[in-house]
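Given only the sequences and the hints, what does the whole structure look like? Please build it.
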Amino acid sequence: MNTKFSNPVLMKEIKLRFRSPKSFVGILFYLAAMSLFVFGFLYLMTTLDAPGTGGGFLNTEESFILFTILTYIQLALVLFITPGLTAGSISSEREKQTLNMLLTTTQTSYQIILGKLLSSIAFLALMIVSSLPIYSLVFLFGGISPAQLALMLFYFLLTTLAIGSVGVMFSTLIRKTAVAMIATYGTMLALTAVTGFLSVFTASLGFAGSSAGPSPMAHFWASINPAVVVASLLSPGSGNILSDMTGIEFPVWIIYLIFYTSLIILSVFIAVKKLRVNMKAGN
Amino acid sequence: MIDIRKLSKSYGSFQALHELDLEIPEGTVFGVVGANGAGKSTTFSILATLLPPSSGDALIGGASVRDSPEEVRRKVGYMPDFFGVYDQLKTEEYLDFYAASYGIALHGRGVLIGQLLELVNLSDKHDVYVDSLSRGMKQRLCLARSLIHDPQVLILDEPASGLDPRARVEMRGIMKRLKEMDKTVLISSHILPELAEMCDEIGVLDRGRLVARNSVREIHSRLKGDRMITVKLNGPSDEAVRFFENRPFVAGIAADPQVREVRFSFSGSEEEQAELLASASAEKFGVRSFSEEETDLEDVFMAITEGGSGQ
Ligand SMILES: Nc1ncnc2c1ncn2[C@@H]1O[C@H](COP(=O)(O)OP(=O)(O)OP(=O)(O)O)[C@@H](O)[C@H]1O
Ligand SMILES: [Mg+2]
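Chains as they are written, first to last, in the numbering used here: chain B, -16 to 266; chain Z, 57 to 367.
Wrong hints could be hidden among the right ones.
[As the list claims (entries may be wrong)] Stretch by stretch, here's where chain B covers chain Z in the computed footprint (C-beta under 8 Å, at least three residues): (1) 105 to 116; (2) 136 to 146; (3) 153 to 162; (4) 334 to 340.
[As the list claims (entries may be wrong)] For each label pair, taking beta carbons as the anchor points, the in silico distance ranges come out as: (5) Z:143 to B:161: 54 to 62 Å; (6) B:237 to Z:166: 44 to 52 Å; (7) B:172 to Z:237: 28 to 36 Å; (8) B:75 to Z:71: 26 to 34 Å; (9) Z:177 to B:137: 49 to 57 Å.
[Unchecked claim] With a cut-off of at most 25 Å between alpha-carbon atoms, the simulated BS3-like pairs for lysine-lysine come out as follows: (10) Z:194 to B:79; (11) B:-2 to Z:181; (12) B:79 to Z:62; (13) Z:146 to B:79; (14) B:-2 to Z:131; (15) Z:146 to B:5; (16) Z:62 to B:263; (17) Z:146 to B:256; (18) Z:235 to Z:131.
Derived by calculation from the structure, the hints in this document are not laboratory data. C-beta atoms are modelled at their ideal positions from N, C-alpha and C, and glycine is treated no differently.
Written out as structure tokens, the structure is:
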């Protein structure tokens, strides 16, 4: 392997993670739960269908509902697992007293941070990819296109990377894994619950004032909310509801893309800067 | 090879290092001895680019820890005082990870790792989980790890702490090998005799200052100069006193008839000491035991270095 492109931390972490049976039990459990849900849904929908309405099959609408539910389940999963996987990446090395030896190697800080980030994400990516066969059952019944699925996966990846980067950043800045974990979950909640609240709140302020003009802040808060962007990707019509509320037409996904990309870059940058001490600090 | 210049370090208002100056030539095994909190680990951490100095600088092979820490990392192998290992990695994989971390090409790693494991006597443990190694083995593994990129300088923070006597003897053997490999080694310990066994030169660090520095050879020659010898007897001591009085290099005889023991100081060589023992045991007062009193290395060291460097 070309040493220039190989990442020792990434390779080691992947080796370790997939050596532990915990990872496989986790994925197995997840797939089992998901299969159970999908087949349960299929069973209910096909048996409860009124006779004569093409029973025995899922209609397009039901198929779309299933896809939507699955997508939100996976979104929730990504949001809740990513902080747990990343917030200990650096601080746990500090706690296990292996960090100093890692830092005295000739690896660049960027290599170490990236290795940590990608190895944590790799597990989630595997989880999502392994669920694709179950997911694709939905294709059999129509209602969703493969392009839509691909786009969804891209946004999952973006969201995971962003929250993961924040996790690695906090893990670098904060000595205790537990505290880094809280900070990362806090950020995740801020991006999901708080943005949703702020969006509705700022929009209602706009309505309260007699001038029901456009409310850019409400639009912004909504745009960086993962649930909103997923909704807009699932059914482009939902964008209209938002623009009716805020009076702004600008596509949600562009703002989301820009914001989360910036978040990744900023978090990784800070983590890389703070991983090693500045030898010239001289305090 | 190691050049510490007016190095100071403060933790808040507490000054742990006071303008430390220390130059260590290439190929020297240098021991730093000092009580808990003397500043050993602080100094070593700065040399390992893990801690920024408050003022002053340290050069490793000409590279400044302040200005070019990357270059320093390439030249230094560092073994911290406390360290953990990655559980679930095997010994070989553990070393392989660090080899990769130093950018060593894959095809060369196998042989290198084999050699290092042999150096630290862990060849038979190559396929064992690191977690299951004993503490002494982990310490040796960590030493092998610090050698993986063939650094010119080794900085070992208490490498022999917590080792049993046998493991310490092994560690001494490894240090000899390192010296043969022409490494410059900096070792710390708070036990002087332990360091004296491994080092060429020794410096004493006290509350952030280097208060003494001397070569181990000089310490040893001084130690061997005059030593107290105790002879326990089966027969009466007056006979023994008469015998020892007429021997060369013997002085200051004191006898204790109660416990049948004779003590004196001896200034001859080790060979002459052996001869004395041989001839004494042929006498009819019956030598039960013949022992050389442990001279306090610390006392001798401080005596020689009094008024020397530091302060
Ligand atoms: N991170 C820190 N914050 C504040 N003070 C510190 C810190 N690290 C070390 N010190 C102080 O600096 C002094 C030197 O510590 P250092 O660890 O260098 O000693 P040492 O010689 O290695 O001791 P030991 O034999 O116990 O390992 C001590 O008084 C210690 O309390
Ligand atoms: Mg120490």
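What are the numbers of the hints that this structure violates, sorted from low to high? 4, 5, 7, 12, 14 and 17
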